[in-house]
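Asks: Could you build all of it, start to finish, from the sequences and the hints given here?
Protein chains: 2
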Amino acid sequence: MLTERQLLILQVIIDDFIQNAQPVGSRAISKKDEVSFSSATIRNEMADLEEMGFLQKTHSSSGRIPSEKGYRFYVDHLMAPFRLSKQELEKIKNTFQEHLMEYEKVVQKSAEVLSDLTNYTSIILGPEVYETRLKQLQIIPLSSHSAVAILVTNTGHVQHRSFSIPVDIDSSDLETTVNILNERLNGVPLVQLNEKMQTEIIDLLRKHTKNFRNAYEYIRAALMDDQPVKLYVGGKTNIMNQPEFKDIDKIRSLFSVIEEENQIAPILRKNADGIKVSIGHENELEAMRDCSLITATYSLGDEQVGTIALLGPTRMEYSKVISLLNVLSGQMNKTFQSWYETK
Amino acid sequence: MLTERQLLILQVIIDDFIQNAQPVGSRAISKKDEVSFSSATIRNEMADLEEMGFLQKTHSSSGRIPSEKGYRFYVDHLMAPFRLSKQELEKIKNTFQEHLMEYEKVVQKSAEVLSDLTNYTSIILGPEVYETRLKQLQIIPLSSHSAVAILVTNTGHVQHRSFSIPVDIDSSDLETTVNILNERLNGVPLVQLNEKMQTEIIDLLRKHTKNFRNAYEYIRAALMDDQPVKLYVGGKTNIMNQPEFKDIDKIRSLFSVIEEENQIAPILRKNADGIKVSIGHENELEAMRDCSLITATYSLGDEQVGTIALLGPTRMEYSKVISLLNVLSGQMNKTFQSWYETK
DNA sequence: ATTTAGCACTCGTCTCACTTGAGTGCTAAC
DNA sequence: GTTAGCACTCAAGTGAGACGAGTGCTAAAT
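Line by line, the protein sequences are chains A and B. Position one of the first sequence corresponds to residue 1209 (the numbering used here), numbered consecutively onward. Position one of the second sequence corresponds to residue 1209 (the numbering used here), numbered consecutively onward.
Treat the hints loosely; a few may be bogus.
Keeping only pairs whose Cα atoms sit at most 16 Å apart, straight-line, the calculated EDC-like set for lysine to aspartate or glutamate is [to be verified]: (1) B:Lys1454 with A:Asp1457; (2) A:Lys1317 with B:Asp1223; (3) B:Lys1528 with B:Asp1284; (4) B:Lys1454 with A:Asp1455; (5) B:Lys1265 with B:Glu1276; (6) A:Lys1454 with B:Asp1455; (7) B:Lys1438 with B:Glu1339; (8) B:Lys1317 with A:Glu1259; (9) A:Lys1454 with B:Asp1457; (10) A:Lys1438 with A:Glu1467; (11) B:Lys1458 with A:Glu1468; (12) B:Lys1454 with B:Asp1498; (13) A:Lys1458 with B:Asp1455.
Think of the hints as simulated: they come from the structure by calculation, not from any bench.
Replies: This is the structure:
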């Protein structure tokens, strides 16, 4: 167990290091107001803390820096709650002021605000589109041999796909198909769409259209194989501001992670409610081994959940970031709830 | 005027430097097969070429590197045409094989292929959406107090906007308005939409709807103030592979340029037909002062024009890039023409 | 009149020894 | 238990020397 004094010293060291990114020496600590014992005493305590794995040295005669275990302890037990400034709260509020009624835009703006207020990189994962429900399906002909299929969900999400119409498809068949689909599939979650089509609609279509298989397949293909996991990223270049990332190779590998949706998306997706902090090697991805990722969730309406995350060095302002994510996800929830209340 | 020998030497130097990114010395040149004179002779010629401004030294006793004037001369007069390899041509073709009928996707793929084949960063500016013509307008209600407005163009481009419906708007008014707009505005270029609405449609609307001003304003606002200059970027991290960009500050400022659509878009937009090469300080933007930007145009249907560009260091494989852009823009033209032929 | 060989000179880069300073660990005194 | 004192460590900075790639110039060769 740690003594009071050790707790204090650990906290001071981590706070200082988060601020200055420099190893913290015993003399520097002894000068702080909240510390009243001599540097020698502190040295002894630091040696103990190091032995316990909370601190480490960059070289044998350097000051201490927090280890990942140290950060973990800090986040779990030590960290003082952060009071966001008036301006910061104001900035967040403003994001939700202009009420454009599209979650895409709100999310994009949120990502920008987050990265702006933190100097880290924000990543927001859009909500699971497949949990949303079909509102309307439409085929709009563009020319004699092409058309665009549009799918609208209850959240106002629009998904579309152009396709060319083979000669053996009758345009009235297409129309009939769409009508039937609209009638029968309204309110069905996108994720069940395929299944429902296969089981319930096919017979109906067979009855009412000449060449049902073709028209049906075309509409299905046009709308189904999209993979709409949208990622919104803000402040990509902020990564480069952090002194721990002055190495180009590190930046490059981090960028690859951020740009590749299928690398980062599953990691963000699998978070339960609340705020989760992943420090250094707690992250799955090799490229993030000296980063911390802090995630929170938000929900759109009743069912669909998205994730907000901030990516920074392990030397992160955990306290501030967590406060920010709390406030922001709360705002998002409130806003979206008011749009999509299902009562 | 330059002598034959000077031309040869200049070409050899630039070719070599483009390959190796190292200052080229007289001895290295004299060893090349196509060069038959001694290093001393070459030194003399190099001194002359430097005096004329085509070459420069990194320090007083270093080999020569091309100046911007040197690159300019190379591009205009010296450069040997590049023969693309079978595999490269194959890769480009494959991009257009799977015929997804959406220019957005084709353009995105093209950007990826370009950056992939060059190790530079590709930037493609989407076509001027406003030159496309309105195909259909739709309002799809989401709930009692919200709806999504969808606009489809003749190119299959879909633009949408959710909005909340104020209580004083009658839903039948909305419907009537949309019907009238569709009837009257089909085929009108988006850029004229606003004007046409103001002049021709307003009277009609006044006649047929109770509270025309509101419904009309809402639809207008919902669809108009989007700014759909889409930028497709491929191979962002390629920038970091170039040895001239091992400085983080340079990378950061370049990234800012690439990410900020309104910085780079106007520059790309203002290109005439054909291929244009901007070397170093010929670029307007400060951040691009040691880059070259090579742009080409493509057209979608008959009127709308977009731009493909490659961004790399001034030490760029001009010859290869120009060949690639030629082939790719040709392919894009061909593909899009077949989709949107207006006969 | 060119072209070339030869040589002195320049400058960046690498290495090595040396210094400095921040910081530690340990011991002995308080 | 706490602190002062001191020897020790190591990173980072500095300056001298060696090296090598490359130049410019001059004088000889073609």
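Asks: Please go over all the hints and tell whether each is borne out by the structure.
Replies: Each hint, compared with the structure:
Between the alpha carbons of Lys1454 of chain B and Asp1457 of chain A the distance comes to roughly 10 Å, so the proposed pair stays at or under 16 Å and holds. Distance hint between Lys1317 of chain A and Asp1223 of chain B is unfulfilled; the C-alpha atoms sit about 46 Å from each other, more than 16 Å. Between Lys1528 of chain B and Asp1284 of chain B the alpha-carbon distance is near 14 Å, which keeps this suggested pair within the 16 Å criterion. Note on Lys1454 of chain B and Asp1455 of chain A: the hinted pairing holds, with a Cα-Cα distance of about 9 Å set against a maximum of 16 Å.
Among the hinted pairs, Lys1265 of chain B with Glu1276 of chain B is consistent with the structure: their alpha-carbon atoms are about 13 Å apart, no more than 16 Å. The straight-line distance between the Cα atoms of Lys1454 of chain A and Asp1455 of chain B is roughly 9 Å, inside the 16 Å bound, and the hint therefore holds. Proximity of Lys1438 of chain B to Glu1339 of chain B is assessed by CA-CA distance (about 14 Å); at most 16 Å being required, the pair is judged to hold. Simply put, Lys1317 of chain B and Glu1259 of chain A have alpha-carbon atoms about 54 Å apart, too far for the 16 Å limit, and the pair is violated.
Distance check on the hinted pair: Lys1454 of chain A and Asp1457 of chain B sit about 10 Å apart at the alpha-carbon level, within 16 Å; holds. Between Lys1438 of chain A and Glu1467 of chain A the CA atoms are separated by roughly 11 Å; this keeps the pair inside 16 Å, and the hint holds. With a C-alpha separation of about 23 Å, the suggested pairing of Lys1458 of chain B with Glu1468 of chain A is violated against the 16 Å cut-off. Of the supplied pair hints, the one linking Lys1454 of chain B and Asp1498 of chain B holds, its CA atoms being roughly 13 Å apart against a limit of 16 Å.
Distance restraint check for Lys1458 of chain A and Asp1455 of chain B: the Cα-Cα separation of roughly 13 Å lies within the 16 Å cut-off, and the hinted pair is therefore satisfied.
In this structure, the earlier hints numbered 2, 8 and 11 are contradicted, and the remaining ones agree with it.
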